[in-house]
Amino acid sequence: MTLMNDSRQIILDTIRRAHHGEFPLPDVPSFSVPGDAIENFLSNLESFDGKAIRLSSRQEAIKWLNENVSADGKTVFSAVADFNGNFPLSRVDDPHNAHVIDICIGEGLLGVGESGSVWVTDASLGKAACALMSTDLYLLLDKNLIVADMHEAYKRINLRADPYGSFFSGPSATADIEAVRVTGAQGEISLTVLIYG
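In terms of the numbering used here, the sequence shown has 76 at position 72, counting the first letter as 1, and numbering is strictly consecutive.
A couple of the hints might just be wrong.
Computed Cβ-Cβ distance ranges for the label pairs, DEER-style [as the list claims (entries may be wrong)]:
#1 33 with 166: 26 to 32 angstroms
#2 168 with 147: 22 to 28 angstroms
#3 155 with 183: 27 to 33 angstroms
#4 155 with 16: 37 to 43 angstroms
#5 63 with 35: 35 to 41 angstroms
#6 35 with 168: 26 to 32 angstroms
#7 154 with 76: 35 to 41 angstroms
#8 92 with 154: 30 to 36 angstroms
Below, computed lysine to aspartate or glutamate pairings styled on EDC-like, alpha-carbon distance capped at 16 angstroms [unchecked claim]:
#9 147 with 111
#10 159 with 31
#11 159 with 118
#12 147 with 118
#13 78 with 140
#14 78 with 106
#15 147 with 40
#16 55 with 140
#17 147 with 43
#18 67 with 86
#19 147 with 64
#20 55 with 43
Rather than coming from a laboratory, the hints here were simulated on the basis of the structure.
Note that beta-carbon positions come from the ideal geometry of N, C-alpha and C, so glycine has one too.
With the hints as constraints, model all of the structure from the sequences given.
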């Protein structure tokens with residue numbers, strides 16, 4: 005046992021002697037993205053096969069959902085307080101159960117014009133599995149939460165606040181086979197962002 009403790013101490017002492025002090029992090033310049041953040045967002049989202057619908061208010065967005073998203077014969081999960089689905093969050097205690105969800109409705113917490121992507125967390129989706137295993141994903145996004153680029157986005161998000169966070173840029177897709185893009189290869193087949201405000 006003493007030999008192991010001695011070896012451990014030798015290794016730790018060697019590491020301490022090799023430490024050459026603190027080095028400051030480099031300054032990362034912010035490169036501006038030309039154009040309007042919202043217009044860039046719309047263009048880039050659509051280039052990734054996503055859809056955007058612009059509405060004047062959150063109430064209009066909820067009204068649009070009520071008129072266009074039907075639960076007839078479909079399993080609808082909603083993480084949005086003012087829109088009811090027919091699949092409760094309690095059924096996703098085991099994320100494997102999310103495979104039956106046809107439509108998922110969640111909150112977008114931040115949009116990025118540069119990439120047409122929407123920042124979501126486990127909390128804004130109810131559970132990430134609900135979005136990842138659904139066929140159609142709808143995200144509500146306040147237009148005032150759309151920033152120009154990823155530098156600005158990372159200044160605004162708190163990576164320690166949620167155990168899961170991700171940027172969604174359109175529905176899932178792949179171009180692995182013969183460089184032909186296939187949308188909805190795994191995960192959701194459609195992503196619709198309801199931009200309000």
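Here's how the hints hold up against the structure:
| no. | hint | in the structure |
| --- | --- | --- |
| 1 | 33 with 166: 26 to 32 angstroms | 28 angstroms, holds |
| 2 | 168 with 147: 22 to 28 angstroms | 25 angstroms, holds |
| 3 | 155 with 183: 27 to 33 angstroms | 31 angstroms, holds |
| 4 | 155 with 16: 37 to 43 angstroms | 38 angstroms, holds |
| 5 | 63 with 35: 35 to 41 angstroms | 37 angstroms, holds |
| 6 | 35 with 168: 26 to 32 angstroms | 28 angstroms, holds |
| 7 | 154 with 76: 35 to 41 angstroms | 39 angstroms, holds |
| 8 | 92 with 154: 30 to 36 angstroms | 35 angstroms, holds |
| 9 | 147 with 111 | 12 angstroms, holds |
| 10 | 159 with 31 | 14 angstroms, holds |
| 11 | 159 with 118 | 15 angstroms, holds |
| 12 | 147 with 118 | 14 angstroms, holds |
| 13 | 78 with 140 | 11 angstroms, holds |
| 14 | 78 with 106 | 6 angstroms, holds |
| 15 | 147 with 40 | 12 angstroms, holds |
| 16 | 55 with 140 | 11 angstroms, holds |
| 17 | 147 with 43 | 11 angstroms, holds |
| 18 | 67 with 86 | 10 angstroms, holds |
| 19 | 147 with 64 | 14 angstroms, holds |
| 20 | 55 with 43 | 13 angstroms, holds |
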